[in-house]
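There are 2 protein chains.
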Amino acid sequence: MTKEEALLFLKEKRKTMNVLNSVISMVYWDMEVVAPIESIEHWGEILGYLSAQYHQLTTDTRIEEALEVLAVSIQELDQYEKRLVEIFSDLYQQNKKIPESLKRDLSMAIAVGKKYWKKAKEAGDYEIFKPHLKRIIDLLQQQAEFVGYQGHIYNALLDDYEKGMTVEVLDGVFATLKVGLLNLLEEVMNDKHLVMDPPKGPFPKEMQEELIYFMLDKMGYRFREAGRVDEVEHPFTISLGPKDVRVTTHYYEDTIESALFSSMHEGGHAIYEQNMPHEQAEYGINVAPSTGIHESQSRFYENIIGRSYSCWHAFYKDLQKIIPAYQGVSLEEFYQMVNDVVPSLIRTEADEVTYSLHIIIRYEIEKLMISGEIGVDEIPALWNEKYKEYLGVEPKNDSEGVLQDVHWADGMIGYFPSYALGNLYGAQFYHQMKKDIPDVMETVAAGDLSVVFNWLKENVHSHGNLYKPGELVEYVTGEPLNPNYYLDYLREKYLNRKPAITMRIAKG
Amino acid sequence: MTKEEALLFLKEKRKTMNVLNSVISMVYWDMEVVAPIESIEHWGEILGYLSAQYHQLTTDTRIEEALEVLAVSIQELDQYEKRLVEIFSDLYQQNKKIPESLKRDLSMAIAVGKKYWKKAKEAGDYEIFKPHLKRIIDLLQQQAEFVGYQGHIYNALLDDYEKGMTVEVLDGVFATLKVGLLNLLEEVMNDKHLVMDPPKGPFPKEMQEELIYFMLDKMGYRFREAGRVDEVEHPFTISLGPKDVRVTTHYYEDTIESALFSSMHEGGHAIYEQNMPHEQAEYGINVAPSTGIHESQSRFYENIIGRSYSCWHAFYKDLQKIIPAYQGVSLEEFYQMVNDVVPSLIRTEADEVTYSLHIIIRYEIEKLMISGEIGVDEIPALWNEKYKEYLGVEPKNDSEGVLQDVHWADGMIGYFPSYALGNLYGAQFYHQMKKDIPDVMETVAAGDLSVVFNWLKENVHSHGNLYKPGELVEYVTGEPLNPNYYLDYLREKYLNRKPAITMRIAKG
Chain E
19 MTKEEALLFL KEKRKTMNVL NSVISMVYWD MEVVAPIESI EHWGEILGYL
69 SAQYHQLTTD TRIEEALEVL AVSIQELDQY EKRLVEIFSD LYQQNKKIPE
119 SLKRDLSMAI AVGKKYWKKA KEAGDYEIFK PHLKRIIDLL QQQAEFVGYQ
169 GHIYNALLDD YEKGMTVEVL DGVFATLKVG LLNLLEEVMN DKHLVMDPPK
219 GPFPKEMQEE LIYFMLDKMG YRFREAGRVD EVEHPFTISL GPKDVRVTTH
269 YYEDTIESAL FSSMHEGGHA IYEQNMPHEQ AEYGINVAPS TGIHESQSRF
319 YENIIGRSYS CWHAFYKDLQ KIIPAYQGVS LEEFYQMVND VVPSLIRTEA
369 DEVTYSLHII IRYEIEKLMI SGEIGVDEIP ALWNEKYKEY LGVEPKNDSE
419 GVLQDVHWAD GMIGYFPSYA LGNLYGAQFY HQMKKDIPDV METVAAGDLS
469 VVFNWLKENV HSHGNLYKPG ELVEYVTGEP LNPNYYLDYL REKYLNRKPA
519 ITMRIAKG
Chain G
19 MTKEEALLFL KEKRKTMNVL NSVISMVYWD MEVVAPIESI EHWGEILGYL
69 SAQYHQLTTD TRIEEALEVL AVSIQELDQY EKRLVEIFSD LYQQNKKIPE
119 SLKRDLSMAI AVGKKYWKKA KEAGDYEIFK PHLKRIIDLL QQQAEFVGYQ
169 GHIYNALLDD YEKGMTVEVL DGVFATLKVG LLNLLEEVMN DKHLVMDPPK
219 GPFPKEMQEE LIYFMLDKMG YRFREAGRVD EVEHPFTISL GPKDVRVTTH
269 YYEDTIESAL FSSMHEGGHA IYEQNMPHEQ AEYGINVAPS TGIHESQSRF
319 YENIIGRSYS CWHAFYKDLQ KIIPAYQGVS LEEFYQMVND VVPSLIRTEA
369 DEVTYSLHII IRYEIEKLMI SGEIGVDEIP ALWNEKYKEY LGVEPKNDSE
419 GVLQDVHWAD GMIGYFPSYA LGNLYGAQFY HQMKKDIPDV METVAAGDLS
469 VVFNWLKENV HSHGNLYKPG ELVEYVTGEP LNPNYYLDYL REKYLNRKPA
519 ITMRIAKG
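Sequence lines, in order, name chains E and G.
My numbering puts the first residue of the first sequence at 19, with every later residue one more than the last.
My numbering puts the first residue of the second sequence at 19, with every later residue one more than the last.
The set of hints was computed from the structure by calculation and includes no laboratory data.
Please note that the accuracy of each hint is not assured.
Which copy is meant is left open, because identical chains are indistinguishable; a pair holds if it fits in one copy or across any two.
Distance condition first, Cα-Cα at most 30 Å in a straight line; then the derived DSBU-like pairs of lysine-lysine [stated by the list, open to error]:
hint, residue 1, residue 2
1, K121, K33
2, K404, K21
3, K133, K452
4, K121, K31
5, K339, K133
6, K133, K453
7, K414, K33
8, K148, K335
9, K121, K29
10, K453, K404
11, K218, K181
12, K406, K29
13, K218, K335
14, K414, K133
15, K133, K33
16, K114, K33
17, K452, K223
18, K114, K31
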């Protein structure tokens, strides 16, 4: 194989992987959104077949051959070619190191684990899930040993979601974040004003749909020509191809906030996917560098934009027109409502101030459970203890405590940090954005989100996976990940006596 | 390879083909029903990739090896195994005989041909399409020569849609049918009473949906748990898997008849697919033996049931409840409306009496054009001449004449006979059904369609592709295809002075 042949081979391989990814994504979307209930098993088997096909593609021994050829002339390669080689090396090494039997065992343990997690959650009884969690932890520990790691064993897991991130770095980042958030939370709670209750509805689905389409249009998500919006139980975004990025949402009759903010969140993901460097798809860089970076974009639109005073200064009149029940609620009251800080038990319902504390709790527990420092028997008590300590709340049962998230049952230990990292990356990007465009929020307040769209596209989206997450943050902002930008953003928003804040109204 | 290994090999191969078929069907459905407009090209490429994968599966040289092993011990195989061998032989021979270059040329000619057919139809100008039709005919002639045939060259094309059917048989069948239909048409037209105009609407989509769901439920199509009903421009039915059979329909605001009868038509296809012998899918028999047999089931539900007096004796009150505008139309008037006989130019709008004449015209022309007896220059005039002769109508332009159907542009010369055969097979099955269950239409009139469903399931659906079309007809009815059953059915319905017929009302 010559250097040119090796490059061509890898690019063709990547194109085939992209095709298979599109198909797998379509099956996934169909199963979640439209497939009839009795066909789910059939499609599960088909997903299994397609995943095996995909796996076969990535374990082709000619990849190793091509990588060896290219290793010799790595200095002659351009930036894209180097990244192509790097991504394939990671993938191939990963696939090669983990024995097939372990992968099968893990798939099986997850399939069973999810079933029992569901039962356990319904029954509010951790004991039902416990042996399955133990099995999953055991297998992930084995996997980590096969893959290898430096430092903490958790690094092997973390690397799956945030390439290059380590416990050594994250411990420092989260330490700063935790202290900062706990202090801020105390200050906010001490100065807590009562917030008006939101209108109760009912808000018909069609009405909410109109609002969501309006905001997604403003954001620049091209859902009409190159995407879709459908309703599902648990919203998600999925890219089926460069011009087919679909979001989902869920409408609740009694509140507009859930669908509105979750749609802006998913819209953030979708815009990112639409703005990827699709013309360089053959280099495998038309994806996000990490789940954390992806999350930074969804949270950017959900929170930094979607829960900003500027955004609703521009669009609140439109919202009131679409949702007449809000005509009795002033802009300031609305702003307070959607930014209310309330320490709670459930991560997915948490506000901007407390959200990352939910993550830090999970991170601290995950490290201990994967290193074997605590056993599965000790997890619920530790969970409840930490919730009491950091958030001052106590789960009444395991369903609203340790069983609330599906991630562990899904084998996704090491994923949670990405959510908090999304907040941090987002705020650091935001800081840079304001440096580049000082009046950005004035433009937003004037109803123009295209400045935000274009800045994110140019600085973040269009790079795809060309840089690792840490590299991207440095490339865009000129410095490594720094949690203080997020803390500054929160302090500015939640403590400063800005108009929106000072106008909090006392209820009752 | 031992006999057991060869059987196992073919069965595993078939299972993989079934998986790929499911995926291809899903992509097709998605493109037609939900995919955003800008993604169509992407999905077209992916369909190309998947079709190539499928083709690779069917040209695996080990198939030949397995077939050779099994040829030796063919007498030891059971019925299913024999059919497995037979189906694979046909497929393999077919694939082997046609050169790759010809397949590619034909795909290309069709892609281009469809584009120009569309342009030509819009412009009403056959000349735009003519060179492309010539190219497609040339390539299909070449294909026929490669595949080989006995007797008429058209047999090679016919065999693709109606395995085992020949010009020699079809000429006889269609001769009887033509004379019978022309005589019947004359009698009906001589005795023609004016039929009341249907209510004009508007009939909102939701209202029509309710009616369609009601009828599909009655028919026994399990669209809620194991299917779907969606709206598209050109309705079709597609099986994505044993428990995922989806139909589509199109609602017109000014008439309920289109959506109602086309949904019952598609529902007939869907019931067939749901009732296939899915547990024997590994033998490749979970499909219809031919497009004609498939069509017999859709037309059975659309016409023999759906346009019967018995059906509406049972359900007309429900229809009137759902579509209030019909409260001023009596059952007898409704029955007349949906069974009005009017010779017309457009095949897809034809009634039961004239429909097969449209097909016979196409069949007669196709034979001449594929044998080279007429050139593409002569087709439009011949078309118009035959319409004048058989139906007494003349196209004003090529759009409503020779350009009306996409089939030729789609390379589907040899397909049209299946539509008429569907009518004939259906009537012959119906004759047998009434012999087995003399009071079947009384049960229908009492609102119970399950007797029909069960008879079709047991006698037709559950055999799948175990028999060739001709064999199935003989197996079910004890005699070969006989067009007189269809003629008898029509004469009985359209000439007998039954209550529904004598009550025709004069208008104006």
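*Check each numbered hint against the structure and report the violated ones by number, ascending.*
2, 3, 5, 6, 7, 8, 10, 11, 12 and 17
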